[in-house]
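Residue numbers (the working numbering), protein chains in the order written: chain D, 1 to 333; chain F, 1 to 333.
Do not take every clue at face value.
Heads up, the list lumps identical chains together, so a pair's fine if it works in one copy or across two of them.
With a straight-line Cα cutoff of 35 Å, these simulated DSBU-like cross-link-like pairs (lysine-lysine) come out [said to hold, decoys possible]:
no., residue 1, residue 2
1, Lys244, Lys40
2, Lys37, Lys123
3, Lys123, Lys297
4, Lys123, Lys290
5, Lys292, Lys170
By construction, these hints were calculated from the structure, which means they are not laboratory data.
Protein chains: 2
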Amino acid sequence: MSIIELKSAPAIEYAYSVVGKRESEGPIGKKFDFVDKSDKFKMDTWEKAESEMQRIAFDGVLTRSGYNISDIGAIFAGDLLNQCTGSAYGLAGFDAPYFGLYGACSTCAESLILSSLMVDSDKLPRAAAVCSSHNCSAERQFRFPLEYGGQRTPTAQWTVTGAAAFIVGKKSGFHPRITAVLPGTVVDKGITDISNMGAAMAPAAVNTLTQYFNESGEEPEDFDAIITGDLGYEGSKILVDFMKNNGYDISRNHYDCGLIIYDRERQDMHAGGSGCGCSGIVLASHYLEKLKNLDVKRILFMATGAMMSPSSLLQGLSIPGIGHLLKIEMLSK
Amino acid sequence: MSIIELKSAPAIEYAYSVVGKRESEGPIGKKFDFVDKSDKFKMDTWEKAESEMQRIAFDGVLTRSGYNISDIGAIFAGDLLNQCTGSAYGLAGFDAPYFGLYGACSTCAESLILSSLMVDSDKLPRAAAVCSSHNCSAERQFRFPLEYGGQRTPTAQWTVTGAAAFIVGKKSGFHPRITAVLPGTVVDKGITDISNMGAAMAPAAVNTLTQYFNESGEEPEDFDAIITGDLGYEGSKILVDFMKNNGYDISRNHYDCGLIIYDRERQDMHAGGSGCGCSGIVLASHYLEKLKNLDVKRILFMATGAMMSPSSLLQGLSIPGIGHLLKIEMLSK
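All chains should be modelled from the sequences, with the hints used to inform the complete structure.
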């Protein structure tokens, strides 16, 4: 496990975000590109709605970029649905090479890491990274059907209804650039509570982030923001505490996309947002904007994933986690 | 979609195959590295058994190679289980960066493509590609619980109980080498019959293979074997027919791993083997041996995947397919 420097500093050239009702009503709700307040995206099942979100997101970023589909060397895409059907069906209409990924909620970072590696090495001229989650398809697959109306525990997170698409390439000019990546390893510390995913993923986040600082020699204060994907309140606390034990104080500049997306007081999503879409849409809208405006110039972006399935938990297994990290910077012109 | 040439010709340095009872009793049954005739691999559920197969396969290839885990730049792994738990749990104990993939039965080729691209570009010193399927976990997830004892249709294929692990690197010497790759696009021609997966995947195979010949200028007779992963009897017939329509006669040198793994007369697995493990174990044992013995010197290896889920079929959607292709050669010393 070691940091891979990207000498050519591939640019996140374009991004596009698609969200549902609750996300559009949150603190950064105005920043998203496409909103469907019905959460249905004109489809008759939640799973089809999620695929449609991926289609809209990729179509949106392609249109915005002005590229033709033949300009896209490959699409790296994934989601939370069984057999990753959100991605396969959503992107089936586009004639570009397709690499299906499964990194649970880390998929946004996983897809950006692979895209940037392929572009940096000139294996592909540019690549697209796409991910999604939908609250209604995820809840019924992982927990309970919505109609059941179950009470949620205080540590439960709310799966974000959101899809994000990015195009990574070598465009010149003033763009957020991926200058290093650190893919994570699978870490299983024995957490079994599916209603406390933050706690399950935090050890993997600690593992990757500690490794990053140890190996790079950089310090937390070298960054304007250290951003995690969806650790939520529970996982974020664990991350900050454990990092302090490891000698790194990230308490002043750690942010979690799961805590940015909803308003805790007004919307009450319990421990925050989660899902592949969570880190994807917050990066695509909020943080890429902040980078372009130079509100932040140098960030670490790490999305974490909980790699269990409903079956594996029923069979008594604990939740393996993973954290994939990217360093994203605005470099001098 | 275009062919990517790998100038450094990364080697498939080592491989290891793990199988169950039926695979060990087939025509190439003696070639596999590890057999458990109970299919249980000392576990108490089929899903845990599948994870254990991945663990044994990766541990096997690592031991055989003599590398330490820290020598492995990353593991690219996937399987058919919901949330790809076969891979996540099976490989959680190894401290190496992990990229989870979902390519359905194309996963073996997808993981080898990504491994070889990373090695060729020197982003990683070497990478591991791991995949698995287990008949009993797949049947109850995708079709019926085994206890139901349902009658299988004549076009049905038999999910292979098998796991394969490969190490791709830049070792010098006489090894099978990956000299070009062509990642596939998602193709959906409207097939809805889950008991005829070969037919669902064949259009994607036709798409990738035609593209390969069109773009490379090579002809089918330039290869000693054109190997597909698990099209089975039905899909293979469709592939050969459609390729002929496209101007390429592959009838004399097309082989399908799903037709190699079982004896049609003696074992009667209907339309042949399938699953991520099918192409994985046949490549790892049978074809790598044939390459090293120079029985074949130049092959195309294309694994195809059917990217549906049980839910997507219940919701009336058809089966999207994908075909990922690699050119593997024994180069002069």
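Now the hints, each set against the structure:
1. Lys244 with Lys40: Neither: 43 Å inside a copy, 44 Å across copies.
2. Lys37 with Lys123: Neither: 40 Å inside a copy, 43 Å across copies.
3. Lys123 with Lys297: both (28 Å within a copy, 26 Å between copies)
4. Lys123 with Lys290: Intra 30 Å, inter 30 Å, cutoff 35 Å: intra and inter.
5. Lys292 with Lys170: Within one copy only: 17 Å inside a chain, 40 Å across chains, cut-off 35 Å.
When held up to the earlier numbered hints, the structure conflicts with 1, 2 and fits the remainder.
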